[in-house]
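K.L.:
First to last, the protein sequences are chains A and B. Sequential numbering from 385 applies to the first sequence in this note's numbering. Sequential numbering from -19 applies to the second sequence in this note's numbering.
For the record, the hints were derived by calculation from the structure and aren't laboratory data. Careful, some of the hints might be misleading.
Said to hold, decoys possible - DSBU-like cross-link-like pairs, simulated, lysine-lysine; straight-line CA separation at most 35 Å: (1) A:Lys486 - B:Lys113; (2) B:Lys97 - B:Lys24; (3) A:Lys543 - A:Lys555; (4) B:Lys24 - A:Lys601; (5) B:Lys78 - A:Lys486.
Keep in mind the model is a prediction, meaning the values are calculated, not measured.
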Amino acid sequence: MGDSQYSFSLTTFSPSGKLVQIEHALTAVGSGQTSLGIKASNGVVIATEKKLPSILVDEASVQKIQHLTPNIGTVYSGMGPDFRVLVRKSRKQAEQYLRLYKEPIPVTQLVRETATVMQEFTQSGGVRPFGVSLLVAGYDDKGPQLYQVDPSGSYFSWKASAMGKNVSNAKTFLEKRYTEDMELDDAIHTAILTLKEGFEGEISSKNIEIGKIGADKVFRVLTPAEIDDYLAEVE
Amino acid sequence: MSIFEYNGSAVVAMVGKNCFAIASDRRLGVQLQTIATDFQRISKIHDHLFIGLSGLATDVQTLYQRLVFRHKLYQLREERDMKPETFASLVSAILYEKRFGPYLCQPVIAGLGDDNKPFICTMDSIGAKELAKDFVVSGTASESLYGACEAMFKPDMEAEELFETISQALLSSVDRDCLSGWGGHVYVVTPNEIKEKILKGRMD
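Please put together the full structure from these sequences, using the hints given.
P.N.:
Shown next as structure tokens:
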């Protein structure tokens, strides 16, 4: 990969044992728009702010929450274009698994393979780490699952998590509000309230995106009309 | 003589009530000469999944090693055993990888799937899957096996009766085939145990 002049890794250790490029990547994530995920007893919800640079942007064309498979969805904080590349690679890996085993890929396996890709970009020549953290929400035979994948390639399973600008407030809020036996609809309300906490301006169905997956194992992005309904319930 | 008939083989699998049986002959030959009378054609992948391979003996052994390798890695990565249907798809993919220089084997796969439902299938040497609800056969004695199974098979047999049926079908079929025989090797698998038996047939 890359020119032979750049066949060395740009991600190198500092004397203190840190990989500075990854720290910078995490900073890029930390200045991205807030996104969060909550695992309920019967499903998973992920949500994100969708602040567009200008009112002239056609918000219906911007889709921050994406499917990886019919039963796994993902959202990010950080650099949008890097997210697109990862989504493309993950979708391909999921399809390759399906083609080989004729069985849908388990959530853990897809997360692991995506994380492996991200790790490769911290140890290869001529490339930089991805500037995104992903939240992967899925429902398979092991039940509902929520994973976070970082630019370093490490991944964690969460009951609830947040990333991006407002991460510390959002996590504190989630820690207070989260209960083990929460149902999916409660989780969606909690997700909206958490987003509202650090929201600049008026929250509406045009500037947030919500994706959910329930026991039906079908990941769906909510329509603006559905988001409006949930927003009304939260008021 | 076809390369598939070089070593001689007979493999059959049958479905019973919440159980399955898989059986093979034991002869390893080099055309007309018998080299061994204890050749393993059926191998366990895990407690509820067996594969029997007929055809060229060297490919039987190599393919088995490759499949065990793949399954062990799968077990480590996914922390679970492979379902029989999944394994069959994997075997099919591995065989098709060598589409223009194939493994000269025909596998017979038998396992207990979800809810202990028996699953059997066979495929040709380049991975064309053939699922069946009753029985599947493979090897040089396959034509006789088809006839014998068709005549003797009944649906929903219990383990004891299934063992008798598959043994009779195997022994009578290999007697009509000079390249297979020298006894039989039968596995009857229920959700709780695996019964392995060696059959003594006509030793010729």
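K.L.:
Each hint needs a verdict: does it hold in this structure or not?
P.N.:
Here's how the hints hold up against the structure:
As the CA atoms of Lys486 (chain A) and Lys113 (chain B) are separated by approximately 19 Å, the hinted pair is consistent with the 35 Å bound. Restraint check for Lys97 (chain B) and Lys24 (chain B): satisfied, since their Cα atoms lie roughly 18 Å apart, inside the 35 Å limit. The hinted pair formed by Lys543 (chain A) and Lys555 (chain A) meets the criterion: a straight-line CA distance of about 11 Å does not exceed 35 Å. At most 35 Å may separate the alpha-carbon atoms for a hinted pair to count; Lys24 (chain B) and Lys601 (chain A) meet this at roughly 33 Å.
Distance hint between Lys78 (chain B) and Lys486 (chain A) is fulfilled; the C-alpha atoms sit about 19 Å from each other, no more than 35 Å.
When held up to the earlier numbered hints, the structure conflicts with none and fits them all.
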